[in-house]
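Residue numbers (our numbering), protein chains in the order written: chain D, 1 to 169; chain H, 1 to 412.
Everything labelled a hint here was simulated from the structure, so no lab data went into it.
Accuracy of the hints is not assured; some may be wrong.
[What the hints assert, rightly or not] List time: in silico PhoX-like cross-link candidates among lysine-lysine, alpha-carbon distance up to 20 Å:
1) D:K128 to H:K216
2) H:K147 to H:K112
3) D:K130 to H:K194
4) D:K130 to D:K113
5) H:K226 to H:K290
6) H:K194 to H:K165
[Stated by the list, open to error] Beyond 10 Å from chain H on every Cβ pair, some chain D residues (computed):
7) P46
8) V86
9) E142
10) F161
Cβ coordinates follow ideal geometry from the N, Cα and C atoms, glycine included.
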Amino acid sequence: MSTTVPKKITLRTADNHEFEVDEAVAMELGTVKTFFDENPDATDEPIPLPNVSSKCLSTIIEYCKFHLSLRARGNDSSSAEEEGKVYDEELIKTHDNESLVELILAVNYLNIKDMLDTLNQGVADRIKNKSVEYVRRFFGIENDYTPEEEAEIRAQYEWAFEGVDPDDD
Amino acid sequence: MKTEEAEVIDELSDFISDLPDECLACVFQSLTPADRKRCSLVCRRWLRIEGQSRHRLSLNAQSDLHPLIPSIFSRFDAVTKLALKCDRRSVGIGDEALASISERCRNLTRLKLRACRDLTDAGMLAFAKNCRGLKKLSCGSCTFGAKGMNAVLDNCPALEELSVKRLRGIIDGAAAEPIGPGLAAASLKTICLKELYNGECFGPLIIGARNLRSLKLFRCSGDWDKLFPLIMDQVTSIIEIHMERIQVSDVGLEAISNSLNLEILHLVKTPVCTNAGLGAVAEKCKLLRKLHIDGWKANRIGDHGLIAVAKSCSNLQELVLIGVNPTKLSLEMLASNCQNLERLALCGSDTVGDAEICCIALKCIALKKLCIKSCPISDHGMEALASGCPNLVKVKVKKCRGVTPEGADWLR
């Protein structure tokens, strides 16, 4: 029997907090799932997550629990979909840029695709329709172009770009 | 955005640089081209990642583009969908430019050409040899000819979708050079031809496209009555046929009736088609789900043909009749036999009056959307609709002089 995975799994964060979660929740984390797939005989020792803070992990666990419960409701899809959307929007709203990026790094490491897509979309929404200067300031990115280079890229084949057609997908 | 907010953020460190490349690429995927352009100006790293993650590029294909090709395509080195569009007044890119692009975009899956009138057969050949993975080609107002088209068909065995509008190069000479079948015929799923002289020179391609699912012909000259029997003899997979203003009669429809999988038929402004032709299709194509007929007021298709549809096409979901004059006779049968009819449009029908609407209201149980335009109906018909059709969610009534604003209120 290879199903020796315990019903509860303990995760240990970078700042040494331990989280005990249901197996189903832990399996939402791609990295954890891969670990168990590759080590079917793993003991119930806590799994170290050296790249994830306890603050991020508790957000992630909440997210996974919530979306698991939505999926469990199955066919009543339209209202579940709506609730999921509201939850995701709220998740983005309650994170400033810095904590959003920190969360993305954790989710990327843990390999949770849906959550990563949601968070990336959140970043995209924050830089939509903003000027270059604004985007730089917003994310505190240093401009490493010389003024000449920047002017060149700005002017470079400016005319060559066409708007993308809506029928192109 | 408030300025205080931006100032506070000013103090923060460069934390987004922590985002791995693939996350940043994913962020860019959901931005518009204009946003992406701005993002590439943020810093060198963003320029690099934006370029590498751009799969779709649309360029103005003027001849001035040629010297920029190396630089554009080394910045955007992962393009798989490319559109090249020229306007009428400019000189477009030539063969060398297209060849140079194709050398740099060997993974291209889609190409769209618009008004690139300086491309010739030679350019298309060079392109086709480099981009053998092409899945979709759409060209409009280009001037290359049969040889260029054949070069694509011979070199791109994965081609699934071909759309050609106003290809000027194929009009030369009385005996137009045939196009196809080539290696691509077997993989083609959709062929759409618009406004072509000698459209029938695509005959060999269509006949060879044995896995074709959708065939659309708009204003293409040619004797389609002669071609359809040959096509239908070989191609049995078609589920969708659109014909608009092409030379086709009942002979063509007879042939089409052998497409037993046909689900969608648009018969628009083909004035010589009659009830007999429609009847033949209806009788054999029992899977028909969507039927659009624009009779162009020729009155050759009417109750008779529609009764045949009602008798054997019980899957019908969508029926659009323009310039056709059905009466209660056929509408009643359609309503009672086609229990899945969800969308119905009747436009410019002199015979559709209150009696016809009452019959629809009473019997079209599944109807969700109804559109009536330029028909001699009155408030009485509106009243009937208001109390019938339990599943109706949308009704459009336009240019019906007999309906007053008060009458329309019945529906609210």
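Index of numbered hints that the structure contradicts, given in increasing order: 1, 3, 4, 5, 9, 10
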